[in-house]
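Asker: Once you have looked at the hints, place chain B on chain A.
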Amino acid sequence: MKNTKQNFDEFMMERSDVLKAWSTGKDVILEEGLAYQKSLDDSRNFASTMKAASRRGDTLIQPRAGVALIDEHISLLKYLENEGGADLLPTTIDAYTRQNRYNEAQSGIEKSYSAGTSLLNGFPAVNHGIAGCRRVIESLKKPVQVRHGTPDARLLAEISLASGFTSFEGGGISYNIPYAKKVPLEKSIEYWKYVDRLVGYYEDNGVSINREPFGPLTGTLVPPFISIVIGIIEGILALRQGVKSITLGYGQGGNLVQDVSAIIALRELADEYFQSEGFTDYHLTTVFHQWMGGFPENEAKAFSVITWGATVGRLAGADKIIVKTPHEAMGIPTREANAQGLLASRQAISMLYEQKLPVGPTYRREIDLIKSEVNSVMNRVLELGAGDIDDGIVPAFKFGVIDVPFAPAVCNYGKLLPMRDNEGFIRVYNWGNTHVSEEIKELHRAKLELRAHSEGRNVCFQMVTDDIYAISKGKLVGRPR
Amino acid sequence: MDRKQIVLGVIGFDCHSVGNRILDYFFTEKGYKVHNLGVMVSQEEFIDAAQETGAGVIMVSSLYGHGEIDCEGLRDKCIERGLDDILLYVGGNLVVGKTPFKSVETKFLKMGYDRVFSPDTDLEVVNNLLIEDLKLG
Numbered sequence: 001m002k003n004t005k006q007n008f009d010e011f012m013m014e015r016s017d018v019l020k021a022w023s024t025g026k027d028v029i030l031e032e033g034l035a036y037q038k039s040l041d042d043s044r045n046f047a048s049t050m051k052a053a054s055r056r057g058d059t060l061i062q063p064r065a066g067v068a069l070i071d072e073h074i075s076l077l078k079y080l081e082n083e084g085g086a087d088l089l090p091t092t093i094d095a096y097t098r099q100n101r102y103n104e105a106q107s108g109i110e111k112s113y114s115a116g117t118s119l120l121n122g123f124p125a126v127n128h129g130i131a132g133c134r135r136v137i138e139s140l141k142k143p144v145q146v147r148h149g150t151p152d153a154r155l156l157a158e159i160s161l162a163s164g165f166t167s168f169e170g171g172g173i174s175y176n177i178p179y180a181k182k183v184p185l186e187k188s189i190e191y192w193k194y195v196d197r198l199v200g201y202y203e204d205n206g207v208s209i210n211r212e213p214f215g216p217l218t219g220t221l222v223p224p225f226i227s228i229v230i231g232i233i234e235g236i237l238a239l240r241q242g243v244k245s246i247t248l249g250y251g252q253g254g255n256l257v258q259d260v261s262a263i264i265a266l267r268e269l270a271d272e273y274f275q276s277e278g279f280t281d282y283h284l285t286t287v288f289h290q291w292m293g294g295f296p297e298n299e300a301k302a303f304s305v306i307t308w309g310a311t312v313g314r315l316a317g318a319d320k321i322i323v324k325t326p327h328e329a330m331g332i333p334t335r336e337a338n339a340q341g342l343l344a345s346r347q348a349i350s351m352l353y354e355q356k357l358p359v360g361p362t363y364r365r366e367i368d369l370i371k372s373e374v375n376s377v378m379n380r381v382l383e384l385g386a387g388d389i390d391d392g393i394v395p396a397f398k399f400g401v402i403d404v405p406f407a408p409a410v411c412n413y414g415k416l417l418p419m420r421d422n423e424g425f426i427r428v429y430n431w432g433n434t435h436v437s438e439e440i441k442e443l444h445r446a447k448l449e450l451r452a453h454s455e456g457r458n459v460c461f462q463m464v465t466d467d468i469y470a471i472s473k474g475k476l477v478g479r480p481r
Numbered sequence: 482m483d484r485k486q487i488v489l490g491v492i493g494f495d496c497h498s499v500g501n502r503i504l505d506y507f508f509t510e511k512g513y514k515v516h517n518l519g520v521m522v523s524q525e526e527f528i529d530a531a532q533e534t535g536a537g538v539i540m541v542s543s544l545y546g547h548g549e550i551d552c553e554g555l556r557d558k559c560i561e562r563g564l565d566d567i568l569l570y571v572g573g574n575l576v577v578g579k580t581p582f583k584s585v586e587t588k589f590l591k592m593g594y595d596r597v598f599s600p601d602t603d604l605e606v607v608n609n610l611l612i613e614d615l616k617l618g
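First to last, the sequence lines map onto chains A and B. Per my numbering, residue 1 is the first one in the first sequence, and the count goes up by one each step. Per my numbering, residue 482 is the first one in the second sequence, and the count goes up by one each step.
Bound conformation, chain B alone:
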């Protein structure tokens, strides 16, 4: 199974579409097969796509502030569906209001995400971490 595949999408009822296009473009250029589910993606849709493709990582974006409600429980559902080893990356403006990034990161790590990114993250940094986490290097 080719782990160098990404399931990408914006979770919940969020329709911020610009960053999603850029992530798609960036990771495609880097040689990944990107399965882009676009905006307004449910947890079930993320998991279905991950199962169908055998992707190594689910990349979840949330920009509109409801991230805390929308992202809860994704790890448990992955385990229920047999996706024990899948990487979960999450990034964006994940909570309502200006909050120190450290506390956002702690919150989402506790929810079972492997990496948490602030909105200003350089995509090269994400790519380097992904290579490490997927043991592609």
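Just chain A, same shape as in the assembly:
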């Protein structure tokens, strides 16, 4: 394991293999990519846009979007930039590219041409190569981020960063556990050190590239402490490879107090841990993801979920909000629906511009609870790594010290079971081997018993199922029918 910044010559040796994975890799020249990045105006740089927004106290909005073909992708992003008023643009990558299946992606591109519509769920950036990706960047005014779910994103990073993308989502944990089935964790962590080392190269040479670990994970009843632990760990790994601009994420849970507390705890804890690792030269921001679970099919109801997310994200003081659309229940949205999600979110955020949420004792208690949960898990990970966080990650997942609920990866322990308490806070019913004190477990248990009692049933798996579908059926807590 490379616990410190990877030596440049070693990086270059690994690099020559990475570029061979698909034919478009041969066009990537490190110095030429750097020069291209330097030729772009600062207003198109994601890192400096995030920094400026956080200084002003703004909350920026960003959609998700990506289609198979270049011209259609450009027209989609232009629409979101002009009609939707997005501050930051995405390029969501298709699922074949995420699994490095470039042959399947190529056939998806060809089938999309003949069908006259996108048959891929995102933009296959590797297949389109540098020339295609630069056409996208040059057609737009706002900074563009690569958003995906790729355990091995080394070639994708090489191509997209050399093409002028200035932010890259993901991490060795957050883009493996929720996004893959059989990729060993030690592998994805190494792949992502490469991505971070590449970003480190750009940083060393005067181009800032933003990195964003994926906070929401499985997007399904994830207790805040799990998301925060993983965000902090991926943040440390990124900083060690030379990353400077880092945005840590959290997916909306649904309870106002818990969501605001989570964002506050995330920011404070990340600074503490980064500084205790000896890092001072970094810029930290936060991103709040609007509700990542199931949505109501009715579009009016979906707008309510969207604006509630925008409201909570703004009140929590997030620097950026990732916006959903009224088509969420049906899958990939039209560009019009996507722009509507942005406009609805902007209205709520703007109306809260002058307002501040008084963070009183109720919030403080929740912040303290989240912090003690995070600290006790982090301490155990450090112990397992004999003092080094990096060496602790793989054993922590193996023994279930970190356990992501509902994750598809076989390297995830998979015993932790969350559900909502009577006020809609996400609590833990079955802890598996997660490392928290008996006192904390007792507190969660008492809250869940209270809900079960008020519903006249015992705490059971049916409650989890009811919670998962509750928002799409019009409520936060899944009460018995």
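Hints were generated in silico from the structure; no laboratory data involved. Do not take every clue at face value.
[To be verified] Reference listing, derived: stretches of chain B covered by chain A, where coverage requires no fewer than 3 residues with Cβ under 8 Å from a Cβ of chain A: (1) 489-496; (2) 513-527; (3) 538-548; (4) 568-577.
Beta carbons: idealized from backbone N, C-alpha and C, even for Gly.
Answerer: Coordinates of chain B only, in the frame set by chain A:
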């Protein structure tokens, strides 16, 4: 051979795992033997499992939009492998973009699936249809 067995999985390169867990839990509770292949399952893996177990139905999920590409040809492969009578159920967000469910249903019925379900389907409805189709009632 016990027909009251289900081969369950999420097809292609789709890793949506939450609904898969719920289907597994629901049909196990209803007394079926569920062979859950999890996420990212190929057509061949579905068929291998159906042959090994003698299950009466293959339940295919797809949430990520590539369903149209991934699901094509499963019926033909089943016939090639001698699984002439197996039921094929499919459900989820099966195509890219908002499309009227009727046209999605027609498309997948034509591909040889016996039942096509939208993402908001009540699982009790699926169970009732399954009892009818497997002639368990």
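Asker: Now look at each hint and say whether the structure bears it out.
Answerer: Now for the hints, and whether the structure bears them out:
Check on the region 489-496 of chain B: 4 of its residues sit with their Cβ under 8 Å from a Cβ of chain A, so the three-residue criterion for coverage holds. Given a C-beta distance limit of less than 8 Å, the hint that chain A covers the region 513-527 of chain B holds, as 3 residues qualify and 3 suffice. With a threshold of 8 Å between beta carbons, the proposed coverage of the region 538-548 of chain B by chain A holds, since 4 of its residues qualify and at least three are required. Residues of the region 568-577 of chain B lying with their CB closer than 8 Å to a CB of chain A number 3, which satisfies the three-residue condition for coverage.
The earlier numbered hints are all upheld by this structure, with none contradicted.
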